[in-house]
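Trainee: Protein chains in written order, with this note's numbering: chain A, 5 to 106; chain B, 1156 to 2059.
Quick caveat, the hints were computed from the structure, so don't treat them as lab data. Computed from a predicted structure; not experimentally measured. Positions of the beta carbon are idealized from the N, C-alpha and C atoms, including for glycine. Careful, some of the hints might be misleading.
[As the list claims (entries may be wrong)] Taking beta-carbon pairs under 8 Å as the criterion, some of the chain A residues facing chain B (in silico):
id : residue
1  : 5
2  : 12
3  : 20
4  : 24
5  : 61
6  : 85
7  : 105
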Amino acid sequence: MMKIVLCCAAGMSTSLLVSKMEAAAKAQGKDYSITAVPAEQVPLEIDNTNVLLLGPQVKYLLKKFQQLGKEKNVPVDVIGAVEYGMMDGAKVLKKAEKLAGV
Amino acid sequence: MNKLEEIYQKINELSSEEGNNGITASELSVSLNLERSTVSRYLNELSKMNKLVKAPGKPVRYHLSKHVNDTMTHSVHPNGAVAITDPNNTQFIGADSSMKDIIEKGLAALLYPNQGLHILLSGETGVGKSYLAEYLASIAFSKKWNNFSGHFVTFNCANYAQNPELLMGHIFGIKKGAYTGAAKDEIGLIEQANGGILFLDEIHRLPPTGQEMLFYLIDKGIYRKLGESDAVHHANLVIIGATTETLESALLPTLFRRFSLKLKVPPLRERTQKERKELLSFFLRREAQKMNIALLIKDSCKEAFLTYSCPGNIGQLKGDIQITCARAFMHHLQQGTNQVTIQEDNLPQQVLSSLKNELQTQSTEQIVAVSKQENPFPICSIYSALATIKGEKQQIGHDQASSINEMQSAINHYLSDVQSLSEKRIESEPAWMRFIEHDLLDALRDFSYYFKADFTFEFGDKQLMAIGLHLEAYRRQGRSSDLTANTVPAPQIYQLVAEKLAEFLEKRIQLQLPENEINLTAHLMASTVPEAVHKDGVSVYLVTHGDSTATSMAGVTNYLLGSPIIQPIDMPLSEATGVTYKRISTQISQHANDAGVLLLVDIGSLVTIGETISRDLGIRIRTLANVNLPMLIEAGRKALIAENDLNEVYHAARDAYLALAPKAQLPVAIEQKQRLIVTVCFTGEGTAQLLNDWLCKNIDSLDRDVAIRPIRVDPVNHDSSMLEVLQKKYQVIAIVGTVPVHFHDIPYIPAAELFMDDGHQRLKKLLEISRTVSQVAFNGQKVANLGKLAKKGLDKITTELNTDLFYTIMTKYFEPIKDYYQLDNDSTIGLWMHIGSLLEKMLQSENTGRPLVLPAQPMERTLSISKNDLKLWEPLFTQFNEKMRLNMSVPIKESLIYLAKQQN
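Chain A extracted, bound-state conformation:
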């Protein structure tokens, strides 16, 4: 099962986005595990993660996490401001799938 991890400061807003993404996945009949974590926890989660997405407010961590992702073979990217602002679960889900090559 694909595991998508979202991270942001304190996992505050991404945790709310998770529910939107789950709903979108369900509507499409897809069974993914989607979680949100504070940025600090990413190193602990990365091992069993398929794709890592960053909230725009922590994009300053992108370089660091991309490096980490390279080591662990996990694609990493920042969620677009529009999708994030609109809490567009479907679009973010699509982005995650594209990154993971699904």
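Knowing the structure of chain A, use the given hints to seat chain B on it.
Mentor: Chain B in isolation, oriented as in the chain A frame:
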């Protein structure tokens, strides 16, 4: 002895001969052997100086004024300039406040050593440009050390705008033989104003050649009369030009630059309230003088005059006051009161409408002070005319009704005079008029005025502009459209009027229309008649709880669709269900037809009400509950097409509802078609092309992707196969034009509507709702837009947070933070979402009593938080505390500041 004195003396002689019957301009021109127009100009000047009195009626007869001395010496300035003795000029309202700067600059220009500088005045209709020019001139002339030796001559270039030759002849003079009928040399205004000031009102109406000549005169001090090739004349004068147009576009650049001083006269709404008060009492006083009887005004009326929106500025204010006074005076005559009182029912509608209801009842009357020292106004006014009518009738013993009629007609006559004088063009010219040359526009207006009786159908501004645009395009192309095959005549009533119009246009502006153009014009008249109310399709009713919910939802939908297709029924919460049921069933039974009824409702008992009504009335009714705007729009669109039956409309609306459910969250699979606006007219080349150009210029940058296509619509069968083709390739947003086109469910916007003030709102809305999200996002650079985006997202994910309040606070208090850290769009959105989510969680924890778990302090901090940071954020935190009762703890504050600082 100058011309003015010569004429005055002649009048003196003549009036004693003829037993004081008064003298007309023609009589005088014969006995003086002068051009009639010249004579009447002098007569006007004399009456302005109060030397003569104009008697009403045609032709105007002039009497010697009894209030003036017989000699001219008092009013002729020692150095020959005519001092303007108009008593109004003794004060200029606003001269010490909002007009101060303008007047000082103007005077400085006029009194500039040697010759004075040329001035260009700009400002809306009726702001008092002519008055200002006159005032400046009179002050300048009154200064002992001025350099003027000539007169102040004023002329409105719009007077001869239909005939440029005549206009230029009038200004520059005409040489004998310049054209057939130019039997002798004629003096132009330039010569008359030599050594003085020439005021040219509406100077932009001067044709380019005239502007060139004026430029040459200003530059070199020489000019030629019309028809002269070798001789040149010298003139030394100051030109004051005035225009209502935007300065740069109004004049040729060469001429424009020759005006050393450009002054903008402010509109009434920018003048102070005190000045408006002064203007009001000034005009009232003047009317009171004319009436020669005590004039009173009710407080409420005074208030109305001070507050109503007066787009025609001072000119309109003056006109409205005159109209009001005339009505009040008539009332006084009828009632036989011993003073004139201005009351609410004397006010013109636009003035009255600003009146607040509560003021009307408890209003006291206030007397308009007329200072005793002032001489009664020495012109024969409407008041004496009215009084005369009244007096005559009573003597002969006429019944009162006929005398009232006669007085009413005298007033009407007076009103039209007032209007034509004081408001040259009262309405600020809407954009479409720019497409139509003034001569054509004036001709069309005059036509619609003179031939009012011939229109058995509506002929308003919309029709006027449709025909104007068409004829302008025809004139520019210089040829007729190739539509000879389609000359099916329009219905007789239109054909007749179109022929009359063609005849009129040929006489007036030498525009010859071939048969098929006349025919097309008739079709235009016919097709711009308001469409008959849509009858046979499905009726759609919207019934919702609340005082006005249904009305406003239906309003939005009908507005977007351009047709009153949705019928709203509001159901106030206080109303019993039985009452509502009765209202709904009555309304449906009155309007329903065989096509059936779609009932869109919100919740509760309304969901089943349709079934009951259907049983009771035997009308087919289907009901959809949980109504929302997309459903409503969809239902309206489908119902507009008469062929769609009830089931089709029902399913379309239901699908719109379903589309909002999970499906709406799926990515849009279909490739978006390019958006398209179609412009239409009978030729596809004329109006459609003009509209095309206009749209290209005026479309919002967010809608750059929109394509615009001018197409032709057959005048007879309204064939629209081209639309069929276009719709396959494009997403057609709207059809704009002068020919109503009904094509599927695409809204039609008449060109006239588009060009009216705020008329493009509907098109704007249609464009707005058809934008894709990425279009909104790519261009949404402003915080407000980003904020709106974030608010939308927060609306979806939050339950406790008041996102409206949050949005308001953030827009104001986050802005400085964003600027300080120079946050880009990504960071801004991210922080909005972060803060929003944080507040939501704080609220949730408050409600549930479960403490908010924040992660332990994050990784090593490389940046420190300074006092400045805290100071910057404090207002935002205070807002959250005061408005949302959320107390931000120190760690939370620090984590937010830290997050923002890390962004870059």
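Trainee: Once the shortest beta carbon distance from residue 61 of chain A to chain B is found, is it less than 8 Å?
Mentor: Holds. Min distance 3 Å.
Trainee: Going by Cβ atoms only, is residue 24 of chain A closer than 8 Å to chain B?
Mentor: For residue 24 of chain A, the interface hint holds, since the closest Cβ of chain B sits about 7 Å away, which is under 8 Å.
Trainee: Holds or violated: is there a CB of chain B closer than 8 Å to the CB of residue 105 of chain A?
Mentor: violated (17 Å)
Trainee: Using the nearest Cβ pair, does residue 20 of chain A come within less than 8 Å of chain B?
Mentor: holds (4 Å)
Trainee: For the hint on residue 85 of chain A, just tell me whether its beta-carbon gets within less than 8 Å of chain B.
Mentor: holds (4 Å)
Trainee: Could you check if residue 5 of chain A really has its C-beta closer than 8 Å to a C-beta on chain B?
Mentor: Constraint on residue 5 of chain A not satisfied, violated at 21 Å.
Trainee: Go through the hint on residue 12 of chain A and say holds or violated, using the shortest Cβ distance to chain B against 8 Å.
Mentor: holds (7 Å)
Hints 1 and 7 from the earlier list are contradicted by this structure; the remaining hints agree with it.
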